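Undergrad: Sequence:
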Amino acid sequence: MEHKGYGLAFLAGVTWGTLGIISHYLGETGVGPFEIAFLRLLFAFLSMFVFYLVTDRKKLKVGREGLKHSMLIGVITQGTMSLAIYKCISMTSTTVGVMMVCLGPLFTAILSRIFFNEKLTLFKGLALSLAFYGAFLVVAGGDVSALQANGIGLLIGLISALAYGFFPILTKRIPEKCNLTGILMYSFLVGAVYVFSMLDMEILLGALSLKMVGISVILGIVPTVLSCTFYSFALKFTTPTKAGIMSLVELPTAAIIGHFFLGEYLFVVNVIGIIILLTGTVVSKVELPEKKTAVLAE
1 MEHKGYGLAF
11 LAGVTWGTLG
21 IISHYLGETG
31 VGPFEIAFLR
41 LLFAFLSMFV
51 FYLVTDRKKL
61 KVGREGLKHS
71 MLIGVITQGT
81 MSLAIYKCIS
91 MTSTTVGVMM
101 VCLGPLFTAI
111 LSRIFFNEKL
121 TLFKGLALSL
131 AFYGAFLVVA
141 GGDVSALQAN
151 GIGLLIGLIS
161 ALAYGFFPIL
171 TKRIPEKCNL
181 TGILMYSFLV
191 GAVYVFSMLD
201 MEILLGALSL
211 KMVGISVILG
221 IVPTVLSCTF
231 YSFALKFTTP
241 TKAGIMSLVE
251 LPTAAIIGHF
261 FLGEYLFVVN
271 VIGIIILLTG
281 TVVSKVELPE
291 KKTAVLAE
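Each residue of the sequence shown is one higher than the last, beginning at 1 in full-length UniProt numbering.
Note that these hints are calculated values from the structure, not bench results.
Wrong hints could be hidden among the right ones.
Said to hold, decoys possible - Derived EDC-like pairs (lysine to aspartate or glutamate); straight-line CA-CA distance at most 16 Å:
1) K61 x E176
2) K236 x E28
3) K172 x E28
4) K236 x E176
5) K285 x E118
6) K172 x E65
7) K177 x E28
8) K68 x E2
9) K59 x E176
10) K285 x E28
11) K172 x E118
12) K211 x E28
13) K236 x E118
To be verified - Cβ-Cβ distance ranges computed for the label pairs, FRET-style:
14) K236 x V269: 35 to 41 Å
15) F123 x E202: 48 to 54 Å
16) V268 x V193: 42 to 48 Å
17) T94 x T279: 23 to 29 Å
18) G263 x D200: 27 to 33 Å
19) L262 x I110: 32 to 38 Å
20) S209 x S145: 35 to 41 Å
In this text, all values refer to a predicted model and were calculated from it rather than measured experimentally.
For each residue, glycine too, the CB sits at the ideal point set by N, CA and C.
I would like the entire structure built from these sequences, with the hints used as guidance.
TA: In structure tokens:
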């Protein structure tokens, strides 16, 4: 069953990897980064709400306990991560912002140890190292100077990584009896309300158009609803650390999309980084067999 978890985490990474190109086209309509963050969460909620209003209204009910989880996920992971990552990018660079988010699985591994007593095995540690180094080559091309930034910008970037790393932890703690789909749906609404305080209404209303709404719907569904849903259900079959490492396939996905659709050329070092990162995701699946003690009958 763990292979199912890997597959779902892989799909989560692939769908999340489309975030960049869709956000790029949305930005061309005239909205800024905070407006994009708001529209992504708002239309994620609206798309799910309308879909289940028509198909299965039971999914719209979450109860008090479910609402508590929606609030936590919405504020910590949806809202805080969105605000922190875009603020980090505005203060530093896109490269630094992306690399900071890539630290998310590392925080997940640390938090999993605290909340679930999940051991950081040799292969998990190796997988994290390979995945992070591969991500560094994909994003920065191995150039350390590309990551130079001011201290406050890096701190905000670390906050975005911590918020991202909390997502599988908070999701894993949702009881089986709770409506996971509904909790995710309302977490998008909570996140949108949280981000609303930071956006510029003049910019948002000035850019309002059918094109903006259409792209916002796609942004809300593909890299938001689908990625979070795949990621959440992956946690039913595998550990948060392994799911986090596997989801890093978002970077190769984004790099390949950027190469073919945005004219962002992939150099040899970037391709090597993709290979190393993918190797890390494979290594995360390896586990040493547990030692069995033979019981001899006298």
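Undergrad: Now look at each hint and say whether the structure bears it out.
TA: Going through the hints against the structure:
no. : hint                    : verdict
1   : K61 x E176              : 15 Å, holds
2   : K236 x E28              : 38 Å, violated
3   : K172 x E28              : 37 Å, violated
4   : K236 x E176             : 9 Å, holds
5   : K285 x E118             : 15 Å, holds
6   : K172 x E65              : 14 Å, holds
7   : K177 x E28              : 43 Å, violated
8   : K68 x E2                : 28 Å, violated
9   : K59 x E176              : 14 Å, holds
10  : K285 x E28              : 40 Å, violated
11  : K172 x E118             : 13 Å, holds
12  : K211 x E28              : 10 Å, holds
13  : K236 x E118             : 15 Å, holds
14  : K236 x V269: 35 to 41 Å : 37 Å, holds
15  : F123 x E202: 48 to 54 Å : 52 Å, holds
16  : V268 x V193: 42 to 48 Å : 45 Å, holds
17  : T94 x T279: 23 to 29 Å  : 25 Å, holds
18  : G263 x D200: 27 to 33 Å : 29 Å, holds
19  : L262 x I110: 32 to 38 Å : 34 Å, holds
20  : S209 x S145: 35 to 41 Å : 39 Å, holds
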